[in-house]
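Just need the whole structure built from these sequences, with the hints factored in.
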Amino acid sequence: MDSVYFKKIITHPYLAFFCRILLGAIFIYAGANKIIDPEGFARSIINYRILPLESINLLAIVIPWLELVGGGFLLLGLFTSGSALIIAFLTAIFLVALSSALIRGIDISCGCFSSRSSNRINILYLFRDLTLFCFALVVLFNSRRILCLDNKLKFGKSSNPPS
Amino acid sequence: MRRVLLEFTGIIFFSTFLALLTNYLRSDSLPLFRLHSSSSSILENNNQDTVSLPMLLKKMKQPGVVIIDARSPEEYQAGHLPGAINLPYSELSEESFLVLQKIPFDMEIIAYCEGIECSIAEDLASFLKESGFENVKVFAGGWEEWTEKGMVVEVENG
Numbered sequence: 024m025d026s027v028y029f030k031k032i033i034t035h036p037y038l039a040f041f042c043r044i045l046l047g048a049i050f051i052y053a054g055a056n057k058i059i060d061p062e063g064f065a066r067s068i069i070n071y072r073i074l075p076l077e078s079i080n081l082l083a084i085v086i087p088w089l090e091l092v093g094g095g096f097l098l099l100g101l102f103t104s105g106s107a108l109i110i111a112f113l114t115a116i117f118l119v120a121l122s123s124a125l126i127r128g129i130d131i132s133c134g135c136f137s138s139r140s141s142n143r144i145n146i147l148y149l150f151r152d153l154t155l156f157c158f159a160l161v162v163l164f165n166s167r168r169i170l171c172l173d174n175k176l177k178f179g180k181s182s183n184p185p186s
Numbered sequence: 248m249r250r251v252l253l254e255f256t257g258i259i260f261f262s263t264f265l266a267l268l269t270n271y272l273r274s275d276s277l278p279l280f281r282l283h284s285s286s287s288s289i290l291e292n293n294n295q296d297t298v299s300l301p302m303l304l305k306k307m308k309q310p311g312v313v314i315i316d317a318r319s320p321e322e323y324q325a326g327h328l329p330g331a332i333n334l335p336y337s338e339l340s341e342e343s344f345l346v347l348q349k350i351p352f353d354m355e356i357i358a359y360c361e362g363i364e365c366s367i368a369e370d371l372a373s374f375l376k377e378s379g380f381e382n383v384k385v386f387a388g389g390w391e392e393w394t395e396k397g398m399v400v401e402v403e404n405g
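Listed in order, the protein sequences are those of chains A and B. As numbered in the numbering used here, residues 24 to 186 make up the first sequence, in order. As numbered in the numbering used here, residues 248 to 405 make up the second sequence, in order.
Just so you know, these hints were derived from the structure itself, not from any lab. Values in this document were obtained by computation on a predicted structure and should not be read as measured data. Some clues are possibly wrong.
Claimed, not checked - Which residues of chain A face chain B? A few of them, derived with a C-beta cut under 10 Å, are: (1) A48; (2) A53; (3) N56; (4) I84; (5) I86; (6) E90; (7) L91; (8) S104; (9) S106; (10) L149; (11) R151; (12) T154.
What the hints assert, rightly or not - Quick list of the computed label-pair ranges, beta carbon to beta carbon: (13) B:K308 - A:G95: 52 to 62 Å; (14) B:P278 - A:L172: 31 to 41 Å; (15) B:F344 - A:I59: 18 to 28 Å.
For every residue, glycine included, the Cβ atom is placed at its ideal position computed from N, Cα and C.
The structure is reproduced here in structure tokens:
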């Protein structure tokens with residue numbers, strides 16, 4: 024009975040709408056900040072010491088635009104499933120990078136929203152990204168969408184707003 | 248499922264196109280592939296902006312050099328390089344800015360933090376350069392190398 028009730032909450036279209044708008048706003052903000060300072064974002068990626076140096080610049084150029092476009096489409100409710108998958112993919116990558124840095128004890132700034140932020144990484148960032156990842160999954164697996172351009176343009180399944 | 252994957256791929260291609268286009272058009276564009284290697288910093292003049300331990304020891308004897316500890320106040324109080332002042336980059340306060348105001352812009356500043364794995368000193372160095380300080384360097388070995396080599400440390404009382 025509890026699992027049915029839980030499933031009802033998780034698949035409620037208003038919850039998905041809330042997650043969609045919140046994620047869209049967060050990732051537009053994050054992407055825009057990084058686009059303004061790509062060198063700073065490249066420095067943040069290097070500090071994690073995971074990827075070969077030669078690949079850093081390309082990622083520093085592309086990832087912010089993925090965030091901005093994915094966030095923008097989520098906010099508009101356009102290509103919602105694909106955007107949610109993009110956001111889930113990005114948050115999964117950030118989770119892996121954060122976890123790796125925390126396990127290795129690397130003392131660095133997160134670089135999550137701005138290269139100018141001096142906040143050191145800690146376990147709270149892990150919980151934050153896990154929450155965002157869950158929000159993205161709620162949007163991705165919820166086919167009933169409200170206030171969504173996909174419905175107007177017939178890209179997604181038709182929405183059935185709750186009565 | 249297929250539609251989701253199509254949207255996913257389409258957004259990646261679209262974002263990549265926009266990213267490369269805007270990078271090409273902007274004046275401060277990044278090269279697509281970073282060719283030179285760097286041990287702990289991506290600063291263009293890496294060798295000029297970091298100091299080794301022997302160089303630091305030499306500079307500490309010279310006038311016009313300020314050593315800045317970028318770690319937290321607790322770490323600083325537990326032990327720091329002799330004569331270093333504390334400017335905890337992750338906890339910059341009004342007091343920190345008052346300290347900065349007393350340092351002339353042409354002083355040579357050498358910042359350090361925990362060690363090679365720590366980037367706080369580099370972040371602080373970038374911040375100081377943007378604030379107008381002309382000569383800022385980083386002691387990359389940091390507190391780890393200083394204590395490993397058995398150098399003298401200062402401890403704050405109270």
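Going down the list of hints, with the structure as the test:
{"no.": "1", "hint": "A48", "result": "violated (18 Å)"}
{"no.": "2", "hint": "A53", "result": "violated (14 Å)"}
{"no.": "3", "hint": "N56", "result": "violated (15 Å)"}
{"no.": "4", "hint": "I84", "result": "holds (5 Å)"}
{"no.": "5", "hint": "I86", "result": "holds (8 Å)"}
{"no.": "6", "hint": "E90", "result": "holds (9 Å)"}
{"no.": "7", "hint": "L91", "result": "holds (8 Å)"}
{"no.": "8", "hint": "S104", "result": "holds (4 Å)"}
{"no.": "9", "hint": "S106", "result": "holds (6 Å)"}
{"no.": "10", "hint": "L149", "result": "violated (18 Å)"}
{"no.": "11", "hint": "R151", "result": "violated (17 Å)"}
{"no.": "12", "hint": "T154", "result": "violated (22 Å)"}
{"no.": "13", "hint": "B:K308 - A:G95: 52 to 62 Å", "result": "holds (56 Å)"}
{"no.": "14", "hint": "B:P278 - A:L172: 31 to 41 Å", "result": "holds (37 Å)"}
{"no.": "15", "hint": "B:F344 - A:I59: 18 to 28 Å", "result": "holds (23 Å)"}
Checked against the numbered hints listed earlier, the structure breaks hints 1, 2, 3, 10, 11 and 12; every other hint is satisfied.
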